Structure formats: C-alpha cells, structure tokens
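K.L.:
Chains as they are written, first to last, in UniProt numbering: chain B, 1 to 497; chain U, 1 to 208.
Since the hints were derived computationally from the structure, they do not count as laboratory data.
Note that this is a predicted model, so its numbers are computed, not measured.
Misleading hints may appear alongside valid ones.
[Said to hold, decoys possible] Derived DSS-like pairs (lysine-lysine); straight-line CA-CA distance at most 27 Å: (1) Lys160/B x Lys149/B; (2) Lys85/U x Lys458/B; (3) Lys85/U x Lys335/B; (4) Lys458/B x Lys190/U.
[To be verified] Far from chain U, by Cβ distances over 10 Å, these chain B residues were calculated: (5) Glu91; (6) Glu92; (7) Leu148; (8) Asp164; (9) Gln176; (10) Asn198; (11) Gly220; (12) Asp254; (13) Thr275; (14) Ala313; (15) Glu325; (16) Leu444; (17) Asn456; (18) Ile469.
Every residue gets a Cβ at the ideal spot worked out from N, C-alpha and C, and that includes glycine.
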Amino acid sequence: MKIKLLILTLSMILPHLVFAQDRKGAEATENVSVSAPERKPESAPAKKTNSIKQDTVNLETAYKREYAFLEAQKRELAERLRNYQASANREEQALSGKVNALERSSVERSARIDQLSAQLSESEHKEAAVIERSDALETTYLQAEGTLKNHGIEMPEAMKEAKDNDPVKVDFLFKQALSLLRNLGAIQTKPGHFFLANGKQVEGSLIHLGNIAAYGISDGGSGSLVPAGGGDFKVWKNAGAENATVLSNNEQPDVLQLYLFESRTSSIDESPEKTLIGIIDSGGPIGWIIVILGGLAVLLVLIRAHLLRTNSANTQQLTEQILGELASGDLDVAKKSCEDNSSAIGRVLHYTLRHLKDDRDHMEGIVYEAILQESNPLDRFGTAILVIASVAPLLGLLGTVTGMIETFDMITEFGTGDPKLLSDGISIALVTTQLGLIVAIPALMLGSLLSSWAKNIKRDMEHSALKIINVFLGGGLDIDELNVPTVDEAALALGNA
Amino acid sequence: MDFPEFILIIKQLLAAGGIVMPPLVLCILLLWYGLGYRFWVMKSPKSMSVRDLLKYYQQHDDKPAASIVAQAIKQGVRLQKKGVKNLRRHLDAAFYEYEREIGKFSVLVRIVIIISPLLGLLGTVIGMIETFDSLATMTLHSQSGGIAGGISQALFTTQMGLTVAIPGLLAHSMLNRKQQQIELDLAQVKDLLCHQIPNHHPTKSFSS
Chain B
1 MKIKLLILTL
11 SMILPHLVFA
21 QDRKGAEATE
31 NVSVSAPERK
41 PESAPAKKTN
51 SIKQDTVNLE
61 TAYKREYAFL
71 EAQKRELAER
81 LRNYQASANR
91 EEQALSGKVN
101 ALERSSVERS
111 ARIDQLSAQL
121 SESEHKEAAV
131 IERSDALETT
141 YLQAEGTLKN
151 HGIEMPEAMK
161 EAKDNDPVKV
171 DFLFKQALSL
181 LRNLGAIQTK
191 PGHFFLANGK
201 QVEGSLIHLG
211 NIAAYGISDG
221 GSGSLVPAGG
231 GDFKVWKNAG
241 AENATVLSNN
251 EQPDVLQLYL
261 FESRTSSIDE
271 SPEKTLIGII
281 DSGGPIGWII
291 VILGGLAVLL
301 VLIRAHLLRT
311 NSANTQQLTE
321 QILGELASGD
331 LDVAKKSCED
341 NSSAIGRVLH
351 YTLRHLKDDR
361 DHMEGIVYEA
371 ILQESNPLDR
381 FGTAILVIAS
391 VAPLLGLLGT
401 VTGMIETFDM
411 ITEFGTGDPK
421 LLSDGISIAL
431 VTTQLGLIVA
441 IPALMLGSLL
451 SSWAKNIKRD
461 MEHSALKIIN
471 VFLGGGLDID
481 ELNVPTVDEA
491 ALALGNA
Chain U
1 MDFPEFILII
11 KQLLAAGGIV
21 MPPLVLCILL
31 LWYGLGYRFW
41 VMKSPKSMSV
51 RDLLKYYQQH
61 DDKPAASIVA
71 QAIKQGVRLQ
81 KKGVKNLRRH
91 LDAAFYEYER
101 EIGKFSVLVR
111 IVIIISPLLG
121 LLGTVIGMIE
131 TFDSLATMTL
141 HSQSGGIAGG
151 ISQALFTTQM
161 GLTVAIPGLL
171 AHSMLNRKQQ
181 QIELDLAQVK
191 DLLCHQIPNH
201 HPTKSFSS
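Throw the hints in and build the complete structure from the sequences for me.
P.N.:
Right under this line is the structure:
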C-alpha cells in the first residue's frame, strides 16, 4: 500500500518537476528572446549593419546551440522519466505480488488456527470428562471406605497410595462389599457384650439377624437388642427374652419379637412414656388449677348426689302407703311411717299430717314452709358445680392464650427452626384446653342432671303434699280415682331429667 | 347398601374420630330417643281449640283421648263431675302428672345439645395434641396418626359434634314451643273447669 502511495506521489511530483524544468527553459528562452531585442537597439546604433549579419548568425547559432542543449536536456529528462516509471512499475508489481502472497499465507494461518482451537476444545472436553469420572471414582472410594469402615474392612494402604490402579481398587471394593452383604444377610452368633435394661454391661453372645435386628443372650439377662450408640447394644425393655433363648438353642420361636433398627451406630432412646401426671404437668400451673377444680367438682357432685339420694324416696309408693293408712283411719300409723322415712318427702308429709286438722290455707302455708326448709340441702352445691363447669373451659382458654404467648415469645427469640422449642408453649395451650373440656363436660352434665333431680324432688314433695291434703279435705279417700296411671311406666329413670 | 358394608362404614367413622366418638354416638342415641319421646308424647292429631275439646268431652264421656291435652280434659271432666270441693287444687294435683310428662327428657336433650359440641372440641384438641406430638418426636408421617391423622381427627370430631348438636337444637326448640303451648292449654283447661258450674251431679258432701 505504502509502496503504491509512494508511486502515486512520485508520479504526481514527477510531471511537476518536468514542468518546472520546462518553465525554467522557457523563461530562459524568453529572457534570451527579450534581452535580444533590448540588446538589439543598443548594439544597433553602435555597430549597425556591420554587425547585424554577424549578430544574426551569432544569435542563430546561439539559439541553435541553446536549442540543442535544451533538446538534449529534455531527452535526458524524458529518458530519466521513462526509466523511473519503468522501475516504479516493476516495484509495484513486485509489491503487489508480495501482498498477494502475504494474504494467502494469512488465510492459511487462520484456517490453521481454527483447526487448532477445535482440537483444543475437544481435548478440554475430554479432560473434563476424565476429571468427572475420576471424581466419581474418588467419591465412590470414599463412600465405600466410609461404609466398609463401619464393618472393620479397610483398603490396604499400598493399594490406596498407588496411582492408576482403579480397576484393582474397584474390584477389591466390590468383592468386599459383596461378601459383607452376604455376611450381613445371614444370622450370625458372635460373642460380645451388651447392656442390660438396668445399665449393667454383661458378656454374652449376640445373635445378629442381618443388620437390622439383634438378640443378646447372657446369664444376667437376655432379650432383643437395640443400638446404644458407638456400636454397643442394649436390651430393649426386656422384650423378647424367650425368643433369644429359643433362638440360641437353634429352634424356631412361634412369635419373633424384634426391634428393627435402621443403623447400628446411632443410639435409640426410649421415649418417655406419657403419664397422667406428666400430661397435667405439661399444662403448666393453669393445668393444675383446672385439675384441682375438677377434683373439687367431683367431690361436690358426690356430696350432692349423696344428699339427694338420702333425701329422695319413692314418692309415689310413699304417698299411696300413707293414703292407704289414712283411708283405714289410723293417722298415727301414717305419721309413724312418715317419720321412719328419712327423706325430705317423709319430713314434709309428716308436717302435713301433723297439721291435717287445720284449715286448707294454713296447711298449705305449713307445707310450703316445710318444702322451703327441705330445699336447702337439696340445692346445696348445685350452683358451685355449674360454676366450675363454666369456669373450666374459660381457664382452658386462658391456658391456650398463655401457651400461645409463650410460643410466640420463643419464636421471637429463637425463630421457627426447631419445632421442639415451640412444642412447650403449644402443649400448654392444648393440654389446658383439653383439661378444661374434660372437667367441664362431665361437670356440666352431672350438674344439670343433679339440678333437675333436685327440682323433681321438690315438685314431687309439693305434689304429694297437695294430693294428701286434697284427699283428706276434698274428694274423699277414693284412691283409685286419684291414681289414674296416665304415665307410661316404661319411661327410663333418665326420664326424670 | 349391604348391612356388613354399613357396619364397616360405622366402624371407620368411629376409628376416624378417636376417643370422643363413643360418647358422641351415645349422645346421638340419647338425643334422638329423648326428642322422639317428647314428640310422641306431645303429638296432637288435629288442632281443635281447648274450649271445643272441653265441650266435646263433656258430652261424649266415653270417646278415647287422642292427645295429652284431651287426656287431661277427660280427667278434669271426671273430677268436675264428681263435684269435689276446691276443684282447682285437685286439678293441680291431677295435671301435675301431665306437666311432668311433657317436661320429661327436656333437660337431657338440653345437656346433650350443650355437651356434644364440647365433645367435638375435645376431640379437636386431642387431635391437635397428636399432631404436635408428632412434630416434637419427628414421626411426622407415621402410619397411625402423625400430622394428617391428628388433623383429620380434629376436624372430623368438630364436624361430628356440630352434626349432633345442630339438628337437635332445632328440634328441641320446636318441641319447647309445643311444650309451652300445652302448658298454656292445661292452664286454660283448669280455668275453664273451675269457672263452669257443675250441673250433673249433686255435690258429694265430705265434710259431713
């Protein structure tokens, strides 16, 4: 390119140079031609015709000489120009040939570069694959080592250190693993030691059923075993002792009591059994308050039931008996039978009979007063039981809220990562609700039933007193008329509710 | 549906609800026994006004009584015919049985209606406790129970409690209205009987 440019510049400059020379020549000729006429008038007067011819010859020769000289110079310059152009052309050709050659070589090289980079990426792929494979192999070795180490099998040190013996290593590992599998699948009896339920370590023989269960037999005690951590075993809650002895005699037990474990290395803890106290305790102080209230309710219900039972009697039977005695005219016997009956009805009827001679209004007053007197023990504790029944679920709700507050405090402090942390508050919440309901439901039921029992007793008293007064004062002593059996006798005892 | 299949479904339901299901089933039985009994006792074949009934039974003594009010009226008419003194007291004593009869089981039904949702709630709490226990002991998906078992028990018992209580409550309120109506009717019968002048029998003198 440069060369082309150079040539171009040269070719541009050269004509100028030539032109400049031409101009110089032209000026020179002009000068000559101008000076010649000037000189002519100067010399003319001086030398006149004499010298005119000579002058003309001189001028011509000079001109010719000059012309020849100039012509020669022009030729020389043209020659030089030609030479120069020829050399420039040559140079140009040479240069363009060079450029072409260079271009060709560059194309060749880029092709080569492409080829090489393709080779490079291919080999990179291969390298990555090889690394991956060797990583997988290493992982396999590590896993195999870790697994086999638990069973006391290790790769020989020399084999482990040596490079490039992967087939050997893999072969060794697989063979070991296969033999281990066979061993673990079998029932094996080995001497060993294990812990009894009381924590004492005893020597004895261990029967391994594969790798998922084991029995231990020793003089101190035997049974099915569970891992106790660190490869040791312990007896699981004294279960399977007969199985163990039977198995040790190479016999087949009827029922195989087993504890299947996943791994013999991780220890298995006995989960604490849920006891009643434990459940109540997990409800916190509110749980205990509810339980105490529940106990109180039970006590009150028992007392109330006892009071009602002693005060109730078979009203109908007693009324009929007294009416019969009145009909036969012996008031004293009737009074006596009332006194014998220790129930509230008996006492009310006794009052009634004592005042039978009075007029009706007075008698009714006496009867109502007696019923009022008797209703005091009948109503005792009734309200208290129902209050407990309604307070217990409220306490349960309080416990729920308390537990939830505790849970959210825990969450604020430790986050929600570990559910065991939260279970404390939640168990308070749920256990108190549960206890509240467990107390409330029977208390509500029994309280209502007892209340309606008491109400029935009072109404019965009223009714039988009224009946006796009626019979004595009004409608004669025809008992058959008054005791028309209108009620379906099949009604349950619960029907009194 | 086959009978054994039916039994199987009931067994599954009982198992799904856990420990509160037997009491709930007992509640259902008691509730509907009580409601049925009350309905049976208070049934009235036709709506005849109390006054008309009274007139009818005063004229046709031997006709059978179809409802509890009619029975009471019959007995009241009998007492009136006997001409006892202080008829109102006698009627009080006589009608006491009927009042007691129509009030029978009402407390039991009320108790069942109150406690069956509570039992459902108890089952819910028990189910939730199971769920959170399985959270704490990390036995989340055990075969019996676990999270899903606990939650299903919780929801199922609530549903069951409400299923027991709501129809019971509706029926109970209807029967209570009827009971009040019958009580009013009985009071009306007493008033009517006490203010009618007995004209058939001469008064039987007792005080002689």
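K.L.:
Now look at each hint and say whether the structure bears it out.
P.N.:
Here's how the hints hold up against the structure:
1. Lys160/B x Lys149/B: With a Cα-Cα distance of about 14 Å, the restraint between Lys160/B and Lys149/B holds, given a limit of 27 Å.
2. Lys85/U x Lys458/B: It holds: about 25 Å lies between the C-alpha atoms, which stays within 27 Å.
3. Lys85/U x Lys335/B: 25 Å, holds
4. Lys458/B x Lys190/U: 22 Å, holds
5. Glu91: 92 Å, holds
6. Glu92: Fine: 91 Å to the nearest Cβ keeps Glu92/B off the interface.
7. Leu148: Label holds. Min Cβ-Cβ 29 Å, cutoff 10 Å.
8. Asp164: 46 Å, holds
9. Gln176: 34 Å, holds
10. Asn198: Holds: least Cβ distance 25 Å, greater than 10 Å.
11. Gly220: 31 Å, holds
12. Asp254: 25 Å, holds
13. Thr275: Its Cβ never comes within 10 Å of chain U, the nearest being 14 Å, so this holds.
14. Ala313: Label holds. Min Cβ-Cβ 17 Å, cutoff 10 Å.
15. Glu325: 18 Å, holds
16. Leu444: 6 Å, violated
17. Asn456: Since the minimum Cβ distance to chain U is about 8 Å, Asn456/B lies within 10 Å and the statement is violated.
18. Ile469: 7 Å, violated
Hints 16, 17, 18 from the earlier list are contradicted by this structure; the remaining hints agree with it.
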